[in-house]
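Participant: So the sequence shown is numbered by this note's numbering: it starts at 9 and just counts up by one.
You may find that some hints are simply not true.
Pairs of lysine-lysine, BS3-like flavour, derived with a Cα cap of 30 Å [stated by the list, open to error]:
1. LYS152 - LYS265
2. LYS606 - LYS152
3. LYS94 - LYS606
4. LYS365 - LYS485
5. LYS404 - LYS265
6. LYS265 - LYS606
7. LYS152 - LYS94
8. LYS237 - LYS485
9. LYS365 - LYS335
Everything labelled a hint here was simulated from the structure, so no lab data went into it.
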Amino acid sequence: MISGAETKPARPVYETFAALCEANDVDPDLGTLALELTSLEPLLEEGPRTALTLLVLSSLISLREGSTRLPLTADAFESLGEGLIKDQPADVLARALEALNRATLIAGPPGSYRPLIIEDQWIYHHRTHAYEERFVGAVLKLMKVTPRFTVAQAEPAIVSEGAGFSLTDEQSRAVMHALTHPLAVITGGPGTGKTSIVVAILAALTGLGVELERVAIAAPTGKAANRIKDSVANPEPTTLHRLLGYSPSASRFRYRKDNPLPFDFVIVDEASMVDLVLMESLLQALAEGTHLILLGDAEQLPSVETGTILRDLVPEGDAPHVIRLTKSHRMRDDDPAGRKVLEAAQRVRMGDLLLLKDLPQRPGNDLSDDGVIWLRSEAETEVAAIGSFVDAWCEKHVFSRNLEPRVYQLDGGDFSVDDRADLDAELAGATRARILCVTRKFRTGAEAINDAIRRRFSQHVGGGDGLLPGMPVMMLKNDYHRRLYNGDQGMLARVENNGVESVMAVFRADGQWRAHHIHALEGVIDLSFAMTVHKAQGSEFDEVAVVLPDRDIPLLTRENLYTAITRARHAVYVYGGEELFAQGITRKVRRFSGVADKLHRSVTE
């Protein structure tokens, strides 16, 4: 399979291994990269070289899936499957370790300039190891900074009620923590009042004489930043990339260690979505003495990219920099439906399989109850079953809206007061409920369900087969020129501008409605009747339907289900089979990170 020659393997070997990877659902480019790397070692025999190539391939897959490192145990080969692992994993590992011990060019200990870094019983790629080391060093340095305020100074400035907030004792403690700790991590589940805490922190800082120009508020996505804008106008919330002055052309940040940010306090919301590279860049850009306040839910899905930063910063026990929020205000105890949603989310978080027995079950097209309902397929085929569910969802949440065609008037780039009010109402109706999918692809993914609803929508209104007024859309990427950001929700509307009518994408940005030609946003917007759970992070809906995949996939995890369920205020419909539902509750996100271990070791030494 892989040549043991002392020179670089011939091209047919690369092509054969790439084809073998593809046949086993592994990116063939990763297979080629693994071969390229191990071919740099000239003196390896075929057996050890083959095993090392498989280990490197698995580490590349693990890195792509968000891990920073891979254990040097037989479990290291789990992502490869039986198609690529012909022998027992323990035997393959033994040969791979033999190759690593003999390697002189591609592997070495921490501090060496090698593509692979071996630290304790873990294998890293050099770049990721460097980011992890710098991040841990920056966190430890930040924790030693002298706080700007003592408890005695901060206490008189904290008020329990103000414009836009009302604090519980728990939230007041979080505000105090943020004022008196150079690194404050505030973690809590859905609706625990993290935004109210931000508002209260700003009020307290003002009372302490800190100018708001010296305070920054940021979030990993534009959608998350815009959500904070509903409560905070000054300072203006922004994305982390914009805060750090990211230049796409130069592929670097303006603000960094030698050009620090001009702020005394930096507040980051939805911190669970921030990856290792971005968080390390933020820490390096903090000026000496700046406080960093991170807010988020450590139980949610981690970032799409590398790392589990917020979870790593929140150990299981107590920590001097962490405050945990436990009381949910979104799903109140006096709201029976909301209470059921909260209880189900907590049981999923704990991995409680008895939840399957306790949930009420309904046919796949019965969306009549609140709380958490398990929808079971009763059709003969999966295609018919998912079609029946989509039909029911359309009747309840799509066709029930007023879809009568109307034209909005654009005058000088702006809409009238009445049109703006109507657009507000229409968007609120279009985004009241969402279908959340584990994946974009496959029959039960967001793309397929969006397409199914699009066809039904077109038939219902008697329109064509394309994009029609009334359809919700979502930004897939940041567009800084138009001030539209990844995850922003908008809709399609018929707009008249200078006497010409056309279907345009309308978004509410910076408190104003703006219309954009569809062709100008081609490739960066998509329908959003359904979206992935990852895209839904930071959002709230009255009702959600969680569509499980039709086969087991690694993305089906406890964190995915927890995040999906906690997007809802009153009703959650989980559509899927029992085995898959149970697998999702049982499986935790499999990411390997050294951050928590290194922080704990450094703090306790």
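Participant: Now look at each hint and say whether the structure bears it out.
Facilitator: Here is how each hint holds up against the structure:
1. LYS152 - LYS265: Given pair LYS152, LYS265 holds - Cα atoms ~18 Å apart, limit 30 Å.
2. LYS606 - LYS152: Answer holds: LYS606 to LYS152 is near 16 Å, not above 30 Å.
3. LYS94 - LYS606: violated (35 Å)
4. LYS365 - LYS485: violated (41 Å)
5. LYS404 - LYS265: Violated, because 53 Å separates the two Cα atoms, which is more than 30 Å.
6. LYS265 - LYS606: holds (22 Å)
7. LYS152 - LYS94: violated (51 Å)
8. LYS237 - LYS485: holds (19 Å)
9. LYS365 - LYS335: holds (26 Å)
Violated hints for the displayed structure, listed by number in ascending order: 3, 4, 5, 7.
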